[in-house]
Structure formats: C-alpha cells, structure tokens
Amino acid sequence: MLSLKIAARFLRRSPGQSALIVAGIAVGIATQVFVGSLITSLQADLLAAAVGSSPHITLEAPDGGGIPASFAADAAKSEPLISTAIPVRTLSAIYTSGAESVPLSVTGGDAADLDTIYKLGDKLSAGTYRLDFGEALIGVRFAERYGVHAGDRIELLLPNGRTVDYAVTGVFDLGQGTANERFAFVDAASADEALGFTENECSSVQLQLSDPFASSEIAPRLADALGVVTIDWQEENADLLSGLAAQSGSSVMIQVFVLVAVALGIASTLAISAVQKTRQVGILKALGMSDRAAGRIFLWQAALLGLAGTLAGIALGYALIWSFSFAPVPFSIRPEPTFIAVSAAVGISVALLSSVIPARSTSRLDPIEVIQNG
Amino acid sequence: MSAEHANTPVVQLRGLVKVYDTGEVPFTALRGIDLDVYSGEFIGIIGKSGSGKTTLINMITGIDHPTEGEIVVADTPVHALGENALAKWRGRNIGVVFQFFQLLPTLTILENVLLPMDFCSTYPVRERVPRAMELLEQVELADQAHKLPAALSGGQQQRAAIARALANDPPILAADEPTGNLDSKTAEAVFHLFERLVEQHKTIIMVTHDNDLASRVRRALHVADGEIAEERIHRGRHTGA
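Note that the protein sequences, when read in sequence, are chains V and E. First residue of the first sequence? That's 13 in this note's numbering, and the numbers climb one at a time after it. First residue of the second sequence? That's 3 in this note's numbering, and the numbers climb one at a time after it.
Some clues are possibly wrong.
Unchecked claim - Computed footprint of chain E on chain V, listed as stretches where at least three residues anywhere in the stretch have a Cβ under 8 Å from a Cβ of chain E:
hint: 1; segment: 101-108
hint: 2; segment: 299-310
Unchecked claim - Distance ranges between label pairs, derived from CB positions:
hint: 3; chain 1: E; residue 1: Thr78; chain 2: V; residue 2: Leu16; range: 24 to 32 Å
hint: 4; chain 1: V; residue 1: Val368; chain 2: E; residue 2: Asn86; range: 34 to 42 Å
hint: 5; chain 1: E; residue 1: Val127; chain 2: V; residue 2: Gln288; range: 43 to 51 Å
hint: 6; chain 1: V; residue 1: Ser335; chain 2: E; residue 2: Asn86; range: 51 to 59 Å
hint: 7; chain 1: E; residue 1: Glu190; chain 2: V; residue 2: Gln288; range: 32 to 40 Å
hint: 8; chain 1: E; residue 1: Ser123; chain 2: V; residue 2: Gln29; range: 26 to 34 Å
hint: 9; chain 1: V; residue 1: Gln288; chain 2: E; residue 2: Ser123; range: 27 to 35 Å
hint: 10; chain 1: E; residue 1: Thr78; chain 2: V; residue 2: Arg304; range: 47 to 55 Å
hint: 11; chain 1: E; residue 1: Val127; chain 2: V; residue 2: Ala283; range: 30 to 38 Å
hint: 12; chain 1: V; residue 1: Gln288; chain 2: E; residue 2: Asn86; range: 18 to 26 Å
hint: 13; chain 1: E; residue 1: Glu190; chain 2: V; residue 2: Arg304; range: 52 to 60 Å
hint: 14; chain 1: V; residue 1: Ser373; chain 2: E; residue 2: Asp145; range: 35 to 43 Å
hint: 15; chain 1: E; residue 1: Thr78; chain 2: V; residue 2: Ala283; range: 56 to 64 Å
Worth flagging that the hints you see were computed from the coordinates, not collected in a lab. Built from N, CA and C at the ideal position, the CB exists for glycine as well.
With the rest of the complex left out, here is chain V (with noise of 0.2 Å):
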C-alpha cells in the first residue's frame, strides 16, 4: 500500500496536470456512455416499432391449411424464452365501398390474445378494446379513408364468396400506414366459422421471445419439433437487420476510437509524469523500494486516475442524456446499465493498460543514474 500512499502524493502534487488527465478520461467515457446509449436507444426503439407488436416466429402448416391451437402451449413449452404464443386464424376479405374494394388482411383471436402481442388496447384512436362474437377493430387510416367509425357497421367479403357483417368496436393506430389501411382483428369464433374451423383449430401460432434475435435458433427447432413450416422476423427484415448492425459497427467503431484517444492520452501524462518523477523513483529504490513497487507506484496512478475519470465520465454521460431529455426530437435515450458498467470497465483497464510502459521503465531504473546526476 506503500505504492499507492506515493502514488497518491504524486497526483495530488500536481493538481493541475490530474485535472486534466481526468477531465480527458471523463470526456472520453461520457462520450461512450451518451453514443453508446443514443445507439442503444436508437435500436431499440426501431426494433420496438418494427417487431414489438408483431410475431417475431409464425408456425403454419406445411399445406397451408390449419394446425392444432394446442401448438402454441407446446412451444411455448419446449422453448423458454418464448414470452407470447398464441394462435390466430387469418384470412383475406374485400370491403366494398361504392366502387372500390379494398382488400383486407384479417386476423381472428381471442382479445386478450391478441392484445399481448399487437397491444391493440394501447393503441386505440377511438372505440374500446373489445371482440366479442361479430366484432371487429379496424385501422385508423381505413376509417378515415372510408368514413368508418367506431360503432359502425361493415361488410366484408370473404373467399368463399360469403358475406360477413362486423360491428366495429374500435379503431387501432399501429403506427404504420399499410397497417393502418389494410389490417383489421375480428374475434375468433367467427374467424373459426368464417374458414370452418373447429374451435381447437387455427391459421397459425404466433410467437415473441424475449429476445427477438434468438428467433434464427428457435425457429429451425420449433420446425422440427412440431413439424410445420416457420416464418422468421429476421428472415422477413433483412434490410432493417443490416441496418442495424452498420449502426451498431459504426457505434463500435466511434467508441474503440475514443478509447485509443483516452489511452493515449492517459499514457503519455503517465509517459510525462514518470520521466518528471524519475528522481524521486531513483530516490526511493536506493532507499530500499524494490523494482515491482516502484512500477506499481504508475499502476496506481493510472488506477486512481482511470477510477476517478471514470466516475466524472459516467456522472457528465448521465447529464448529457439528461440534458438530452430537452431536445426536440421524438425519441428519448436510455442509459444502459450494462453498457455503462461495460464502458467503466473498459476505461478502467485501458488506464491501466496505459501505466505499462511508464511503470515497467521506473521499475528498470537504476537509482546510480539519479543519484550520480544529484
């Protein structure tokens, strides 16, 4: 602990140049901690919009018939990061309004279902969130389009030529336009009379997982196991997915060069501060400090700067994303935890790492050089 006593006394004699070894290593990790958490943010956010309110796996039969509703408790079974497994019924209408049809993407459900996977209730412009026996929720471009409202009545043509009449109950903002226009829910007894299915039938399983990028593995399984065909999320958004990875590269690629810039900066202060302190090392070993202590007087240093950098970094990263709640755009950044605690380590090590070669040439001094020149 002898070390670390000198190496404290060394900072604090000279204040000014420990100021600003720590002021660059708090920039450095602020800058990682806001870029980090904006990406983070940012990723999230577009996976949230894209594949937060829709299946990330979709079982159906290999003939494109119907399969057994029992399979969503099966996989949900066999595959424990599966969150959400529940079976729809899907099916194709026409709305006609005067001369136009329109087709319609339509999917049969039990509510509450259908609710932990789309959080439809969430996104009601108007009506209420309910799907009894012959009602439907329609998207909120579809109603605008078409003067529908919440509590109207609509006919849709299905493809085996019969007609099927609606009470709209509510009308649901997904968010997207295409959605918005062409998607509408209707509860699942008469989906299930509407494609003559029995009760204990469906159209599909859908599925969420905890994590949505465990889908490529679960879903060859699933294949296997339950012996139907797998609609992957990833396989469907492949452009959103390589966009994310060039961001999430980009990303990478800003934070290894802020940390190549910090650790250059720590090592050459270090670099500086041991040729300023060779007397004082020399003075020490010829009183009796081994070499490993005086190498580890620069460890300590570069541990106690890297420590103290680091918490100045991550208090100023937090005032930015603070500071960042006020701006006018329409997303907001998260601080993650993990990522912060990763960006800590990080700075930490690479301080250290930075003490190397200051600390292995004070332990090579030899004190005669010191002493000799007075």
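Starting from the known structure of chain V, arrange chain E on it as the hints suggest.
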C-alpha cells in the same frame, strides 16, 4: 588488517574495479581497490573531483555495481545480489546520506523517515511513527515532522536525511559529501551528529572533499585516480570496536 582491530571487518572490498563505458574510450573509475572497514569505525574518504571516491561509496552501498572484484558487507556478498535483493538488503543494512539530501519533496519529513521502515518492515507498523519521531528528536527536528522538505533549511534537511538513514537502525552509515551543501556552522553540527552516532557504535563511511573534516576522523583514505593513494590514522580520534 590493522593491528588495532582484532574483529572481522564489516566491509571487505577485494580487487574492486569499476569501468564506465563512456563511448569510445572506457573510463576506469576504480583500479583494484582493497579495503577493510571495522565495526564502529569513522572513516573519511577524501580526494579530488573524479578521483573515484563517490564511486567507491556507491559500491559499498550497492547503488552501483563493480566491473570486477568482491564487496562483502556484514557477511553479505553485495556484488552477487540481484537488484531487488540489493534494494532490500540496502534498506536494512546501510543508511545512505546523500550530498543533496534526496528527501522526497511530496512527503513530509516524518513520512520521509518512515520510508525505509515501510520498505523493509523492520518494525511493526504501530512502532514506526514513534520510532521516526524519536529519530527526529535525536536530530532536533521533531517540531518539523509534519512539514514538507521545502519548508526546511539545508542543514535541517540533511539532519532529516540522517534520521531517515537511521530508520532501520543499520550498523553502517554511508554518507556522500554530507556537508558539501552546507555552511560551515551547519556542517559542524552534522559532523557532531556523526561523532555521536559513532559513540553509539555505528560504522560511518563518509566521502568528503573537506580536508579539515577528514583530519578529524579516525581513519582517512585519500583516493586518487581510482586507487587508495594514502591512508592516515589519526590517534585519539574515534576508534573501531
């Protein structure tokens, strides 16, 4: 061996050669020095600048390494020790006093005196501060203990350096021009301190360019061109054990 000393020497130098590689022409600082120093002796090493006297004392303290020859101090073959072992050995066995005091400017006087004890763990932690204060009292600096070296005069700094050199109670004190940077009055006080330490059975080897001081020690060695050119014994001065 001097007839006055029946005991084993605490310092034995045999065929000591030091050659510095200074470029094209190597410089020979010591040319086969043989020397015995006995416990309790007060030895003065005098000589002109560049004569090799500082190199000689640096060999004894292990701060510098010989090109040839053997150095045995208190039964330890110093020439055969590695750097770390040498540092530890030096801390325990030799108190070094430098011409320019070499106190650490970032530490207080008390902390400077504590350093050798901390390095070598010669005393339990709880005993170190009382011992350091006792040593500072001995050199009349107890009231300056918590000041930084820069706040003290040259003489006070040298006395603090002597207290530091005594921290581990080493049997030998090696002092390189300890009065070289002091005025005559302060130099006299430091010399008296050394005399008191010899009375306490310390062995002191002091390099000096001051012929007057050299004439007051028991044995004075005149070094010239890397050799002991002359050895003078002053009767009635401090003798070895």
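Output the indices of the hints that this structure fails to meet, ascending.
When the structure is compared with the hints, numbers 1, 4, 5, 10, 13, 15 turn out to be violated.
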